[in-house]
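Could you build the full structure based on these sequences and the hints that come with them?
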Amino acid sequence: MGAGHGHTLHYHGHSLVHRAPAHLKVLALVGFMLVVVATPAHWHPAFAAYAVLLLGAVLASRVPLLFLARRMVVEMPFAVFALLMPFVADGPRTEVLGLTVSEPGLVAAGALMTKATLGVVASLTLAATTEAVELLAGLQRLRVPDLIVQIMGFMVRYLDIVAGDLRRMLTAMRSRGCDPRSPRHWPLLARSLGALFIRSYERGERVHLAMLSRGYTGSLPEMSTPTHRPHA
Amino acid sequence: MSTPVLDVRGLAYAYPDGHQALFGVDLHVHRGERVALLGPNGAGKTTLVLHLNGILTAGAGTVSVSGLPVTKANLQKIRASVGVVFQDPDDQLFMGTVRQDVAFGPANMGVRGADLDKRVMDALDQVGMAEFVDRPPHHLSFGQRRRVAVATVLAMEPEILVLDEPSSNLDPASRRELADILRSLDVTVLMVTHDLPYALELCPRSVVLHDGVVAADGSTRDLLTDAELMKANRLELPVGFSPAHIGSLPT
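Line by line, the protein sequences give chains A and B. Under my numbering, the residue at position 120 of the first sequence is numbered 120, and the numbers go up by one with no gaps. Under my numbering, the residue at position 153 of the second sequence is numbered 153, and the numbers go up by one with no gaps.
Some hints could be false.
[Stated by the list, open to error] One side of the interface only, derived from the structure: several residues of chain A facing chain B at Cβ under 7 Å:
hint, residue
1, R157
2, D160
3, I161
4, G204
5, R206
6, L209
7, A210
8, R214
9, Y216
10, S219
[Said to hold, decoys possible] Label-pair ranges, simulated between beta-carbon atoms:
hint, chain 1, residue 1, chain 2, residue 2, range
11, A, G218, B, D17, 25 to 35 Å
12, A, T171, B, D211, 32 to 42 Å
13, B, E236, A, R70, 48 to 58 Å
14, B, P16, A, Y201, 17 to 27 Å
15, B, D186, A, G194, 45 to 55 Å
Calculated from the structure, these hints are not laboratory results. Here a beta-carbon is modelled for each residue, glycine too, at the ideal position from N, C-alpha and C.
Here it is, written out as structure tokens:
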């Protein structure tokens, strides 16, 4: 563990997009997403305009396109669903590459893929240009309820630790001749996920004790300390 | 003698499941002392520590900090004056940046603005971590996190610093650096440890807890050279380590 694990989504840089205040970026992302989702599927020029706008933002951020492309695997579940749609939807049939598929299904799949891709790229760009801490501060400035920001903060803080716990458990399983990837060992994997949950729960209790020991009484104190910092 | 910083009298405690961990513990620590709390696993050391700042409430007996009894009404004051550094720094550091984490304790006590900033920087200076103030804790090495964990408690300006296994999991250099830091602090220390050479190096006095009672209380060197006492309390020195042959200890 130690240095360097928290940067899987963030790409260090000093571009205009990196320096923009986090709350503006969040607002821009939410606004962009709402517009994209609300656009009717057959307005093709509008989608082209969104794509150009987004590409402009990505280029301005100087985040390498390959960096974003690799992280787009999160879109896979949507892609699978979109691929299935032309086969399972009703309506008039049409021929594509020798296969008979549903025409409305094909259109819906296209729209789903376009909207999902725009959304994923936009979100990844936000994540690549904004550090988690700044993002949380931005949400706070947007008056997102404190409790939610706190929960997200704890998640950011402990994600690496829980992931490290899981990695060590998997290593321990492999060292004793179990392959967590093989379906034969999936029940075992499920049990160790249960153990991971218990471990994390117990850690939560220890963190709570540590918080109580420093005078925590149920709400995080106001700490208006400077969040900006001189970049080295 | 003056009022002890820590005054534990006849402390007994049983966990809700019926397991009794402490059977009448008496312990006094005076201002400026550095005391090691030794004992085998399951001796009740951690249970005792959790009583010192009122996380657990005594079944029988009393705990007082600078004359103030540990009761529900005094809890905030007690937690400001007893600083507990837990064993795993990942349990202690839960905020997004080192700055927020060190500020957490004093902010709970109502410190704000420039005073809060000063407290944070002073505490980090004392452990040599000031340059990491805006880093997220999970980007620090284990030794650095342990030092920040100490700073989170120092920022509350406690009267007594209670450390649970401060040297565990540290590499030898980090272990020595932490010892230098602890020696440089002008604060009363109670240190729970299995690391007997560390206790000898840092604490002139040691208390041995065994089966929920204080089995011995005296000079660390005397305790560690008393073979019978050591054996009776399941305490063992590392192979080749002989306190009797150490000429002088760093001060």
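Hint by hint, here is what the structure shows:
1. R157: Since the shortest Cβ distance to chain B is 6 Å, the answer is holds.
2. D160: holds (5 Å)
3. I161: holds (5 Å)
4. G204: The hint is violated - G204 (chain A) has no Cβ within 7 Å of chain B, the shortest such distance being about 9 Å.
5. R206: Holds: closest Cβ of chain B sits about 4 Å from R206 (chain A), inside 7 Å.
6. L209: Constraint on L209 (chain A) satisfied, holds at 6 Å.
7. A210: Given a least distance of 5 Å, the restraint on A210 (chain A) holds.
8. R214: holds (4 Å)
9. Y216: holds (6 Å)
10. S219: violated (9 Å)
11. A:G218 to B:D17: 25 to 35 Å: Holds, since G218 (chain A) and D17 (chain B) (Cβ atoms, about 27 Å apart) stay within the stated range.
12. A:T171 to B:D211: 32 to 42 Å: At 38 Å between Cβs, range holds.
13. B:E236 to A:R70: 48 to 58 Å: holds (52 Å)
14. B:P16 to A:Y201: 17 to 27 Å: holds (18 Å)
15. B:D186 to A:G194: 45 to 55 Å: holds (48 Å)
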